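Participant: Here's the letter readout for the chains.
Number of protein chains: 2
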Amino acid sequence: MSQKLKTALDAIVPVSPDNLKRAAMHMDSLTKPQGSLGRLEDWAIRYVAIRGTPLSKVEKKCVYLFSGDHGVVAENVSAYPQAVTAQMVKNFLNGGAAINVLAKHMNTEVVVVDMGVNHEFKNISGLIHKKIAMGTGNMRRSPAMTRDQAEKAIEVGLDLAYAAKKQNVDILGTGDMGIGNTSPSSAIISVLSGKPPEETTGLGTGIDHDSWKHKVSVIDEAIKFNRPDPGDPVDVLSKVGGFEIAGIVGLILGAASQKIPVVIDGVISIAAAVIASQLNKGARDYFFTSHKSSEPGCEIGFQLLEQEPLLDLNMRLGEGTGAVIAMDLLEAGTKIYLEMATFENAGVSKNKN
Amino acid sequence: MSQKLKTALDAIVPVSPDNLKRAAMHMDSLTKPQGSLGRLEDWAIRYVAIRGTPLSKVEKKCVYLFSGDHGVVAENVSAYPQAVTAQMVKNFLNGGAAINVLAKHMNTEVVVVDMGVNHEFKNISGLIHKKIAMGTGNMRRSPAMTRDQAEKAIEVGLDLAYAAKKQNVDILGTGDMGIGNTSPSSAIISVLSGKPPEETTGLGTGIDHDSWKHKVSVIDEAIKFNRPDPGDPVDVLSKVGGFEIAGIVGLILGAASQKIPVVIDGVISIAAAVIASQLNKGARDYFFTSHKSSEPGCEIGFQLLEQEPLLDLNMRLGEGTGAVIAMDLLEAGTKIYLEMATFENAGVSKNKN
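As you go down the protein sequences, you meet chains H and P in turn.
Reading the first sequence from the start, the letters are residues 5 to 357 in our numbering.
Reading the second sequence from the start, the letters are residues 5 to 357 in our numbering.
Okay, chain H solo, but in the shape it has when bound (with noise of 0.2 Å):
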């Protein structure tokens, strides 16, 4: 493992149980019955936390869209050609595509970066160039990635986390694009969770049946061709993973040793999030999962991380989509910790007990 990574799993500690305790009591003083806002205020103490006393307003939230290419679209696993990859990209360049609409309408900003797209961008303005390779190789007959490969889009992740955190980034968000990655998510569920791809595979942006009975066996045969050792997590996300995995993977060890609250998308960021809780389980302490999608490696992932999912509403498009609803949501509940009157200073009668 490399020294930075180290330093990064070395760092993290798990939110001080005393912030829980003070951020739960004065949720509990404001005008409203005790827990009447459900999620939102188990959210709202937890960030607060993670951030500590006194709490400031959230001024800024972002969201990282990581892009790559996977190798194993050349066994047909998706509903949409690989240069989508690379259009996409430049869609949300140019401002088009749902995550910038919806960043938009949430007041996030949109971060872009180049993990792995098999395309040329040039100097193309305002894309965040880490490009490791021209998309990993087709997993289900060589590695996705060799293990340099992936520490080094795990450390453009951490160094991300570490910019933001300079520049006062108050609530983190993940992204994805990479046309076939639901793929390499699946692989990455099985063999953490042990339940066979037929149990962890979807259909992605859109393929019929018979094309899910393919889309699983190439997973199974990738996972029997790699034999990833579910001990050694940084081996999984090599051999079956992708490189803007492995950047949501830094992304999300860099946020918990920085102590910034991260909000994890749909299931290609929940298989990073499972490859981020094996490196060092403190890391939950730090993340949200904002969704549940309609790729069934969600629900399995879940349970490894022990988290529900704010919201289920049946969305499964990736870029970040479900991360920014939910990061307004977590956004709303610092506001109503702050902002709403105590029972004492509203002169609003306690309830009878």
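Because the hints were derived from the structure by calculation, they are not lab data.
Everything numeric in this text was worked out from a predicted model, so none of it was measured.
Please note that a few of the clues may not be correct.
Since copy identity is lost for identical chains, a pair holds within one copy or between any two.
[Unchecked claim] Keeping only pairs whose Cα atoms sit at most 30 Å apart, straight-line, the calculated DSSO-like set for lysine-lysine is:
#1 K108 - K354
#2 K94 - K356
#3 K263 - K64
#4 K108 - K263
#5 K339 - K61
#6 K108 - K169
#7 K126 - K354
#8 K356 - K217
#9 K169 - K263
#10 K339 - K64
#11 K94 - K339
#12 K94 - K354
#13 K64 - K108
#14 K10 - K285
Following the hints, put chain P in place on chain H, whose structure we already have.
Facilitator: For chain P alone, coordinates are given in the frame of chain H:
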């Protein structure tokens, strides 16, 4: 039935299937796999079909917080004293409540209406004075309202919807405040579903198990005493309802008659939506159920309304807090519809099928 209510009911027409089809076609031309934004797409398509094309941007969202007191609190069914209704109305007007914070974050106006709070507010500014009485009668021993009072309260809601139309409000939301008002809501849902109060009654603002058993028996006795006619929704509303619930019924029907989308909050608003829907089933085309609260009456209400809630955040506060969150997501969906690039104009390849 009053002429005003009859006119509103007669003006409700089903949403045009052609409009729905056209909106869905445009949604499918945008740069995302078809249907991949799930519930956000469904809601946006229905919104567009209601409003007609060309669609304009959402400029104005408004949540109506109907407040009223309940005679049944004499039976000790709530965790809070009745004085809290008036205290919270003042808190709303001072901006210190949860709904104020959330509505401000979601860029939504809050309109507070006194439908029948047991307090003289005099000339307090910012409050819409529509008091019908100083609280309802105790439904365990008398009807909650006369039929005339119930119709007058419905007409308040109708008038507010007509005024909203004139003020170009794009999305309405429903909210409530009234200590004790989960009891009439459960009673309404019991009568109209045929399910016993054990199945429709929850812990409200937070009572213990013994108090819950007592609350169930009070609701049961109220129904037995009043014998509301399930075939006559205004009879049910007047005998075991409340002034704020009647106001919400009117707002929903007025919105539907004016083709304004209206987002429904938790169990109190759901009880009102069930009444509205029984008065004219066509109203369902115009309302959107925002969230499932921890009150068991919600689930039964959704079955009666044949709608699924957008969110399940374990909230149980009322005030329209669930509605404003969902209203913001409905607005986000309209932006997806209006602002995203198409495959054509972004130069993104379509899927292989």
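Participant: Against the structure, test the hints numbered earlier, and report the numbers of the ones violated in rising order.
Facilitator: none
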